[in-house]
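Please build the complete structure, drawing on both the sequences and the hints.
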Amino acid sequence: MKNTKNILLVGVGGQGTILVSKILSTGLVEAGYDVKMSEIHGMAQRGGSVSTQVRYGEKVYSPIIGLGEADILVSFETMETLRWLDHLKPEGIVVINDYEIPSAPILMGKVEYPEGIIEMIQEKAETRVIKAGDIAEEIGNPKVMNVVLLGALVKSMNLMDIDWEEVIKASVKEEFVDMNIKAFRAGVESVAYEEVKS
Amino acid sequence: MKKLMTGNEAIARGAFEAGIHYAAAYPGTPSTEILENIARFKEIIAEWAPNEKVAVESAVGACYAGARTLAAMKHVGLNVAADPFFTMGYTGVNGGMVLISADDPGLHSSQNEQDNRYYAKMAKVAMLEPSNSQECKDMVIKAMEISEKYDVLVMIRMTTRLCHSKSLVEEGERKEVPIKPYVKNQPKYNVSPANAKQLHLVVEKKLDELRKFSNETDLNYIEWNDKKIGVISAGVAYQYAKEVFGENASYFKVGFTFPLPIEKIRKFAQEVETLYVIEELEPFMEEQIKAAGISCIGKERIPITWELNPDIVKRAIFGTENDTIEYDRSLVAGRPPTLCAGCPHRAFYYQLSKKKDTMITGDIGCYTLGGAPPLNAMDTVVCMGASVSMAHGAKKVFEMNNDKKRVVATIGDSTFFHSGMTSLLDVVFNNGNTITCILDNRITAMTGHQDNPGTGYTLQGEDAKIVEIEPIVKALGIKHVRTINPLNQKETKEALDWAYSLDEPSVIISRYPCALKKYTKYDLEEFGPLEGYCYVDQDLCIGCKKCVSTGCPAIHFLKPIKKSSINKVQCVGCELCLQVCPVKAIKVGE
Chain A
1 MKNTKNILLV GVGGQGTILV SKILSTGLVE AGYDVKMSEI HGMAQRGGSV STQVRYGEKV
61 YSPIIGLGEA DILVSFETME TLRWLDHLKP EGIVVINDYE IPSAPILMGK VEYPEGIIEM
121 IQEKAETRVI KAGDIAEEIG NPKVMNVVLL GALVKSMNLM DIDWEEVIKA SVKEEFVDMN
181 IKAFRAGVES VAYEEVKS
Chain B
1 MKKLMTGNEA IARGAFEAGI HYAAAYPGTP STEILENIAR FKEIIAEWAP NEKVAVESAV
61 GACYAGARTL AAMKHVGLNV AADPFFTMGY TGVNGGMVLI SADDPGLHSS QNEQDNRYYA
121 KMAKVAMLEP SNSQECKDMV IKAMEISEKY DVLVMIRMTT RLCHSKSLVE EGERKEVPIK
181 PYVKNQPKYN VSPANAKQLH LVVEKKLDEL RKFSNETDLN YIEWNDKKIG VISAGVAYQY
241 AKEVFGENAS YFKVGFTFPL PIEKIRKFAQ EVETLYVIEE LEPFMEEQIK AAGISCIGKE
301 RIPITWELNP DIVKRAIFGT ENDTIEYDRS LVAGRPPTLC AGCPHRAFYY QLSKKKDTMI
361 TGDIGCYTLG GAPPLNAMDT VVCMGASVSM AHGAKKVFEM NNDKKRVVAT IGDSTFFHSG
421 MTSLLDVVFN NGNTITCILD NRITAMTGHQ DNPGTGYTLQ GEDAKIVEIE PIVKALGIKH
481 VRTINPLNQK ETKEALDWAY SLDEPSVIIS RYPCALKKYT KYDLEEFGPL EGYCYVDQDL
541 CIGCKKCVST GCPAIHFLKP IKKSSINKVQ CVGCELCLQV CPVKAIKVGE
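So the protein lines, in turn, are chains A and B. According to our numbering, the first sequence is numbered sequentially starting from 1. According to our numbering, the second sequence is numbered sequentially starting from 1.
Calculated directly from the structure, the hints in this document are not laboratory data. Computed from a predicted model, the values in this text were never measured in an experiment. Be aware that a few hints might be false.
[Unchecked claim] Cut-off 27 Å, straight-line C-alpha distance, at most; resulting in silico cross-link-like pairs (BS3-like, lysine-lysine): (1) Lys-169(A) x Lys-131(A); (2) Lys-314(B) x Lys-59(A); (3) Lys-546(B) x Lys-173(A); (4) Lys-184(B) x Lys-228(B); (5) Lys-206(B) x Lys-264(B); (6) Lys-264(B) x Lys-110(A); (7) Lys-267(B) x Lys-110(A); (8) Lys-354(B) x Lys-314(B); (9) Lys-3(B) x Lys-59(A); (10) Lys-405(B) x Lys-59(A); (11) Lys-517(B) x Lys-22(A); (12) Lys-267(B) x Lys-205(B); (13) Lys-59(A) x Lys-584(B); (14) Lys-546(B) x Lys-465(B); (15) Lys-493(B) x Lys-354(B); (16) Lys-355(B) x Lys-546(B); (17) Lys-59(A) x Lys-465(B); (18) Lys-110(A) x Lys-587(B); (19) Lys-521(B) x Lys-173(A); (20) Lys-559(B) x Lys-587(B); (21) Lys-22(A) x Lys-42(B); (22) Lys-355(B) x Lys-267(B); (23) Lys-5(A) x Lys-568(B); (24) Lys-253(B) x Lys-227(B); (25) Lys-59(A) x Lys-205(B); (26) Lys-314(B) x Lys-89(A); (27) Lys-169(A) x Lys-2(B); (28) Lys-110(A) x Lys-396(B); (29) Lys-356(B) x Lys-493(B); (30) Lys-22(A) x Lys-173(A); (31) Lys-584(B) x Lys-110(A); (32) Lys-149(B) x Lys-205(B); (33) Lys-465(B) x Lys-404(B); (34) Lys-2(B) x Lys-22(A).
Written as structure tokens, this is what we have:
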């Protein structure tokens, strides 16, 4: 359907894409959208490439996003952006975490981690580079990198009308609420107003 | 307010609302979370069974005893449970019974791509196919009504995409249904040949009634739009069809897919110009529609292999594709799944991989990854429990052929309980001479850490009797048994050398908890916490890559300086690399 928006989150098993998609879809449901979310469990989780697909709009049919259909590609790991770039609309936005996790063939010295990915993607699509790892480190816990990216995502998708901080409060354990809200705000601030799509 | 639920969560919610009393399953992706979610409802007795056959049989017993019951499994689990499943087709039910079969188009986490809809037809069992989470919930409730009204088992056919994608569900109240009285009824429940012969007549009569129902029920409905194109579809494929055709086609949405509503389909076909059947995997509906003399287009266009998606349907029907960004995909390095840092399986396979002239049979679980590079320590994987019995057959033939090759079977703890025990009995009974290695990581790990008879806890986390593997192995008749800690490489090597030196079957139990497991009190008592980390003293490192050859994802070989380094965050301190380093360059961190 034409008015359906497609968000594609990609990364490596263990990076917390699932929490982000949970917060994201909860917020979208509360805002009154029809929402479908899809992710694959099982074997891929063991250090493999993971993706979560969130679709929202008036009425959503397919739970999965096809090639050239994503309005935004949020990549939790630099190289994973390239694996999924063909799913982005040519006019879509890339939010790319400047954070490298070498995969097994790279660790073993069989192949090199590809160089110049960010520059290459910047040439191909509207791109926002975020050092979510560094931001999370400054906040005090590298694990909240995922929520930094959530902030950048909702700002980029112009979804700031939704009370995300309330959703975060309801989604994480009490002792982690403050840290996650800090991470969320830092993510929002990392995207300038003029970059927001209307 | 509506809630976002996965298909699995919605099935569980449906079980609750339908007044189901008893549910059983064996974990298997993509169906695992069904029972985990049912376990939250204290109104339902929910149990992990040691395998799918046991799960179905216990549910059948509960059903005959008068309860509303559910059994859930992945597609290949129904192969294990096929025996009671087929007979249930004959006996029918007392309380209602539903069986959830979760197929895996696309083989996200499976060994094949079988289409279990054929099981429903073959076993003469009614079948429903939901296409979103709301339907998953509603169809469990509907399945109970159909099951009790027509006295049949009902199968709900799910697929990975339904199980694991979320959509909105309206919750309802639980309808308490009293447990029906049990009345001894041998002609119905005792399928001796004389009884079964009569039951077959009854089944055919029930199928006639179900065919009538299928043509009348609103589970099978038509959405009229433009009549140039008609689309018959079921399951998640229906959502893809809606995405692709939109308002430009009329739809026949099949929710009750066996027996098919052929007469209703015939009328629909007469109204539309071109008729497509869009279904994932096999031409299950298409074959029956064509056999009824209705012309349609199906697998001539729609692929028979792998999971469908809107792109594939669009390309197949219209030959068009979305615009995409052009780039060089070859730059992307692969990211295959790997054994985790600190995984005890890695330590075991590292030693086993050094053995020459050996055939290693593998099994289903995380440890299947022991067959991946760089360990490559697994020759075969077929199905649950097959490692032990296949090793036996292979060894017999090598001996017959005067081949001295040794055969080592590797199987996990949960898989051993599932179907490895009977295979080991075969080895003992038929004077086999294999080495069976039971990789006991104290949990059913691959499916997301479910308890099993060895862990000491039930599905609900309540105390259970801990079943020890070593006494079972001995009771089965194995004389030579050793339990080892695989993280101790010297001990592991010695155990393998010992087993290779024997001329009788032996068992090595490689016992250490999964590196991701939340340790129980029993684990802490036996193993203590796994703590610390290792680091590389780069002044000593000679760049030999021995540590890299373990395949640990925490170890990175830095090409420019030709030295290894260990990621402190990922390392859990298993010390495997420390033991394989020839120059003692790897040390324990403070």
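Hey, Lys-206(B) versus Lys-264(B), does the alpha-carbon distance stay inside 27 Å? Judged against 27 Å, a Cα distance of about 19 Å means the pair holds.
Is it true that the CA of Lys-355(B) sits at most 27 Å from the CA of Lys-546(B)? 16 Å, holds
CA of Lys-546(B) to CA of Lys-173(A), is that 27 Å or under? 42 Å, violated
With a cut-off of 27 Å on the C-alpha distance, tell me whether Lys-59(A) and Lys-205(B) pass. Judged against 27 Å, a Cα distance of about 42 Å means the pair is violated.
Measure nothing beyond the straight line between the CA atoms of Lys-253(B) and Lys-227(B); if it is 27 Å or shorter, mark the hint as holding. 15 Å, holds
Hinted pair Lys-354(B) and Lys-314(B), Cα distance within 27 Å: Distance of about 50 Å is beyond 27 Å: violated.
Keeping to a limit of 27 Å between CA atoms, is the pair of Lys-5(A) and Lys-568(B) held or broken? Roughly 39 Å between the alpha carbons, so the hint for Lys-5(A) and Lys-568(B) is violated.
Restraint check for Lys-493(B) with Lys-354(B), where alpha carbons must lie at most 27 Å apart: The given pair, whose Cα atoms are some 9 Å apart, holds under the 27 Å limit.
When you check the alpha-carbon spacing of Lys-267(B) and Lys-205(B), does it fall within 27 Å? 24 Å, holds
Sort out whether Lys-587(B) lies within 27 Å of Lys-110(A), counting only the CA atoms. 25 Å, holds
Can the restraint linking Lys-465(B) and Lys-404(B) be considered satisfied, given a maximum Cα separation of 27 Å? Violated, at about 42 Å.
Verify the proposed pairing of Lys-314(B) with Lys-59(A), using a straight-line Cα cut of 27 Å. 19 Å, holds
In terms of the numbered hints stated before, the structure departs from hints 3, 4, 6, 7, 8, 10, 13, 14, 17, 22, 23, 25, 28, 33, listed from lowest to highest.
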